[in-house]
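A.B. asks: Given next are the chains, with one letter for each unit.
There are 2 protein chains.
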Amino acid sequence: MPYEKVDTLAINTIRTLAVDATARANSGHPGAPMGMAPVAHVLFNRFMTFNPKNPGWVNRDRFVLSNGHGCMLQYALLHLFGYAVSLDDLKNFRQLDSITPGHPEAHDTPGIEVTTGPLGQGFANAVGLAIAQAHTGAVFNKPNFELINNYTYMFFGDGCAMEGIASEAASMAGHLQLGNLIAIYDDNHISIDGDTKCAFTEDVMKRFEAYGWHTQHVEDGDNDLEGIEKAIVAAKEVKDKPSVIKLTTTIGFGSKLQGTGGVHGNPLKADDMKQVKEKFGFDPEKTFVVPQEVYDMYHKHAADGAAAEQEWNKLFESYGKEHKDLHDDLVRRLTRDLPEGWQNKLPTYKPTDAAIASRKLSETVLEAIHDAIPELLSGSADLTGSNNTRWKKAVDFQPPSLGIGDWSGRYLRYGVREHAMAAVMNGMSAYGTIIPAGGTFLNFVSYAAGAVRLSSLSHQRVIYVATHDSIGLGEDGPTHQPIETLAHFRALPNMMVWRPADGNETSAAYYMALTSKQTPSILALTRQNLPQLEGSTIEKAIKGGYVALENKDANVTLVSTGSEVSLCLETVKKLGEEGIKARVVSLPCVEVFDAQDKDYKLSVIPDGIPTLSVEVMSTLGWEKYSHEQFGLNRFGASAPYKEVYKKFEFTPEGIAKRAKATIDFYKDVKPLRSPLNRAFTQLI
Amino acid sequence: MPYEKVDTLAINTIRTLAVDATARANSGHPGAPMGMAPVAHVLFNRFMTFNPKNPGWVNRDRFVLSNGHGCMLQYALLHLFGYAVSLDDLKNFRQLDSITPGHPEAHDTPGIEVTTGPLGQGFANAVGLAIAQAHTGAVFNKPNFELINNYTYMFFGDGCAMEGIASEAASMAGHLQLGNLIAIYDDNHISIDGDTKCAFTEDVMKRFEAYGWHTQHVEDGDNDLEGIEKAIVAAKEVKDKPSVIKLTTTIGFGSKLQGTGGVHGNPLKADDMKQVKEKFGFDPEKTFVVPQEVYDMYHKHAADGAAAEQEWNKLFESYGKEHKDLHDDLVRRLTRDLPEGWQNKLPTYKPTDAAIASRKLSETVLEAIHDAIPELLSGSADLTGSNNTRWKKAVDFQPPSLGIGDWSGRYLRYGVREHAMAAVMNGMSAYGTIIPAGGTFLNFVSYAAGAVRLSSLSHQRVIYVATHDSIGLGEDGPTHQPIETLAHFRALPNMMVWRPADGNETSAAYYMALTSKQTPSILALTRQNLPQLEGSTIEKAIKGGYVALENKDANVTLVSTGSEVSLCLETVKKLGEEGIKARVVSLPCVEVFDAQDKDYKLSVIPDGIPTLSVEVMSTLGWEKYSHEQFGLNRFGASAPYKEVYKKFEFTPEGIAKRAKATIDFYKDVKPLRSPLNRAFTQLI
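Chains as they are written, first to last, in our numbering: chain A, 1 to 684; chain B, 1 to 684.
Any given hint might turn out to be false.
[Unchecked claim] The list that follows gives simulated cross-link-like pairs (lysine-lysine, DSS-like), each with its CA atoms no further than 25 Å apart:
{"no.": "1", "chain 1": "B", "residue 1": "Lys236", "chain 2": "B", "residue 2": "Lys246"}
{"no.": "2", "chain 1": "A", "residue 1": "Lys624", "chain 2": "B", "residue 2": "Lys660"}
{"no.": "3", "chain 1": "A", "residue 1": "Lys670", "chain 2": "B", "residue 2": "Lys667"}
{"no.": "4", "chain 1": "B", "residue 1": "Lys246", "chain 2": "A", "residue 2": "Lys624"}
{"no.": "5", "chain 1": "B", "residue 1": "Lys601", "chain 2": "A", "residue 2": "Lys667"}
{"no.": "6", "chain 1": "A", "residue 1": "Lys230", "chain 2": "A", "residue 2": "Lys206"}
{"no.": "7", "chain 1": "A", "residue 1": "Lys91", "chain 2": "A", "residue 2": "Lys53"}
[What the hints assert, rightly or not] Where chain A lies over chain B, by a calculated footprint (3+ residues, C-beta under 8 Å):
{"no.": "8", "region": "269–280"}
{"no.": "9", "region": "304–318"}
{"no.": "10", "region": "427–435"}
{"no.": "11", "region": "439–452"}
{"no.": "12", "region": "544–550"}
{"no.": "13", "region": "599–605"}
{"no.": "14", "region": "646–653"}
[Stated by the list, open to error] Rough simulated footprint, nothing fancy, chain A against chain B, three-plus residues with beta-carbon under 8 Å:
{"no.": "15", "region": "19–33"}
{"no.": "16", "region": "111–118"}
{"no.": "17", "region": "512–526"}
Read the hints as simulated data drawn from the structure, not as lab findings. From the three backbone atoms N, C-alpha and C, an ideal C-beta is built for every residue, glycine too.
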């Protein structure tokens, strides 16, 4: 179908909407929307299948704007195609409580698949979406029922191309031969510092070839709509490689400042806006103008998408007759509910059971539940044998041609790519049919911090299996021993940080991680063995904190997590020998504990006696739950772990000494309130 | 010079030392040392110039083991060449308080240049060392005085090659045409998960070509010493590109498990050790054996290095006669002392001066001091105009052939590569002649967390210019607004986190950042304007915390940082109208405040009245300095910043409300102690 006047009109409508919205907000990025409007038009109107009335349709094509600062491009498209994004929403671009924030947020805006803006994230999210499609297709597609066959399209710019996370994800996508992934590289030669010549002179396409991608170049991305179309057609024909199309464009096309950094992140000046609109045949006196024929064309495409969904629904209904279990399983997965009764598979432990490292306890959970929860997809950033993330019969998720797995495999070898792993998991979670769990050492979750933050912000149910959680890893030493890491992620909103003390608590951590549909989790797990506690149960631990050892006339409460809880229990005996009574609280997840009612919380950390926290890392934040803190506000040491614990006095003796100092220090304070009693409530 | 028996003996000595040390520790990684011993021997004994008796000689060749888990390779070499690493130190590998920890730590071991182990870091450190050489050479070399011409050699493995940080750094090195950087890629096809086929099938050399590197391949890295030598010679001849030599090796060469993952991270079994030693002609009953001829050969090379340093010292002495100022400047830089009187350049402000954003105040500092401190090298991760990191007359550090700067330039365009920027800065700092400062948004310092941690652990004087420090950035929204970031880095040992409230505090932050020779700093700076405070001076602020407004009969202390300090001062007026007296404390750097004496600290946050902290991000950790906390334990919002502040009640009204609740809540508590009073002292 040839391109006509209305196509140009649509492209210029997108451009002028971006100009108007950024001008009205006096903030935002007009350059990328103006430069990428042509490819966006061709892609959305000629290739992508979606139903704006049901943005949740599972087999829709996915679109990711990795250069998320250009989000007015995306908001304009969502509006024009008839998603629940109104012209008023565009007018409220970057305003308080609007659905059109400064960068696209999946949770806020219908039609936004993933939260982007932090550069490189969207690139890796798209790889995750493509992996999810390949996997979901392999699991559910049957002869005559190609239920899941959508493509993932992604735009990225020079900024994303420079980010390490995108390099990691691109290498992974090439290895995985993701033919369902098509990326458009906006080669506009401009980043915030100006011409990319100043910092970025590599041969990007050659690099992608090295990763195993199919590459093309469209030289005139501003005008060559046919060329863009042909390239996307060619990309779709390549089934065993991801595709990237380098599209040379002019940033801020139409502006007097086009092709310069001046149009990247600043609204156009009044006279520039005027000439742009005149150039494009728009009335310079009017704003937010959408010609009816543009609406008509796009709404027709949207109607085709709605019809495609209807067709699909019929297909899915027939599928239900031939493959009832699979049908029902897919329906269930999309609700994000877990299969009934799965939790009965969770292992429980008695105090007489053997001492086991919590990384091993985690493996036992995965071994026990993987059959019951088919959407669980595990993996590791090249630490499989250390993270214990793989159940014995797991099949690797791999392109079948490699002969070491297949697309239905539920174990992903992420390689040593922590940051991409986290963002790929965000993409997989966003797809809607998978719960991803990925392992690395707790210390190296920090490498992924940028993506972990977006797990939280975009409400993805992602599980970080973070082993080797402290100085307890021993010989690897300070370069690998987390000190600041738990404080970091406890300060991150909408993140559950779990540090289980034994088997029952590990099961509880998984229970909460898997059933919290809108919240990611970090499970901090030990390398060293931990005894099974007397007082632990799954039911208690899922409250985030509980009394592990009660003592009605206690002089002090010891509150602790993970490997230090059993040390505290030993300390109680030692204190008892000196006539001092102590009680012990296990607090495996402060975020979940915070959500309990106040009476319960005060029964755990009560008024009247002082509390000492015990955790072998930064004390930062423990003041919220304790009067005094015993921790490690320095780097660790390389040695067998028991020696390291001793060096830093994490022994019953060392804890007892500080417990006595705590009791002594608070004996004159009246009233001695629980630290949980606060003068006012925090905003949430 | 042909290779002889003694060369093979030396290589096998390195291998058996690695076998013995990991066996004795029952921990560690023998595989990489056994596989890379041949190239290490050729490189150290035939190419590198260094003096083991003076590891600090500025023109020594630098060596970085990016695959730091193979550190027994490095420790063995250091011992054999005569550094202050004894055979007993090797026997104490991975033991408490030894100088041979589980991964190489620059601060602990003579001859270790940078702290590696976290994968990819060493790669980027090496790029930083090479940049520092190029820059230092350009500044100090004069006709007939090629003072600074060392090479930087770096080993990396598949793990490093997969990490995004190494990709970023490799792209940067290619752009910068660093001909003084030579990397050896240990292509052993094994990572922890086994064959790299499972996750890493890209064409690594093609990727490096795309970055602009010179590439070579030596196919038999186990035996072809001549081939290795030729390749290094060829690499040295390429002056306008960094070089990488892909060296195909057998991991754990000599072991029964050679070429498998089994030898990567586990000591050899007893029978394997026996056969390895027999194979190499060593007595299987003996451990830690070094044949005298190996010592002799290596000590001769070390003596040559010492002679080379002597020659250099003479050259430097003559240089001092012709170029006295430069001579003295280099001598001074190596002491890490700053030029006398530089601090007089620091800008100071009066309350009547205009309100200015602290990112602009930071720019004014750089503008004022850059002439006085020639070792200051600034830059930004593609946010120059937003971070305000560039002084007006700055010249870019660029290869002269690009025509946009030169090697003596003191402004580095890092590109959108935050993680590499941080690690490159660590490398530059480690070189010894540069103080690097690099900018990005505070939120994206998190992308660099892995390297920031190593700034702290390895005591590098690196300055992170972290602008857009809060919801005060406004429209960019939650994806860009830090909540958890300050808590994260405050929990990191040996890191100064500064959040200045005005111009004098910004100058104080730079004063401390520049004069703390062993500690990195993060300067959290605002996008929005801040008024100049009545009570601030550089002298007060360099204590980390001080009384910004005293009030002897105060009912409450408001303790705050950065943009919220002036809000607290307004709140005092508001509370005064209601007859409530408040005092205000500014706490721009808690780490520095912690180091003051107790009397001073208690004069700032005294006993007897309650304290409320006010900071627009996570409250985590503020309990240490306040009884109650007003913060933001949720994500922010996209809108003009004043509206965002209002939404979250960060207004004089919102603060006053909470101050009153705080006063009320604590009125019955006796004694009401300052939160600075603790029951016991933390270990440090």
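A.B. asks: Any hints from earlier that this structure breaks? Give me their numbers in increasing order, please.
C.D. replies: 4, 8, 9, 10, 12, 13 and 17
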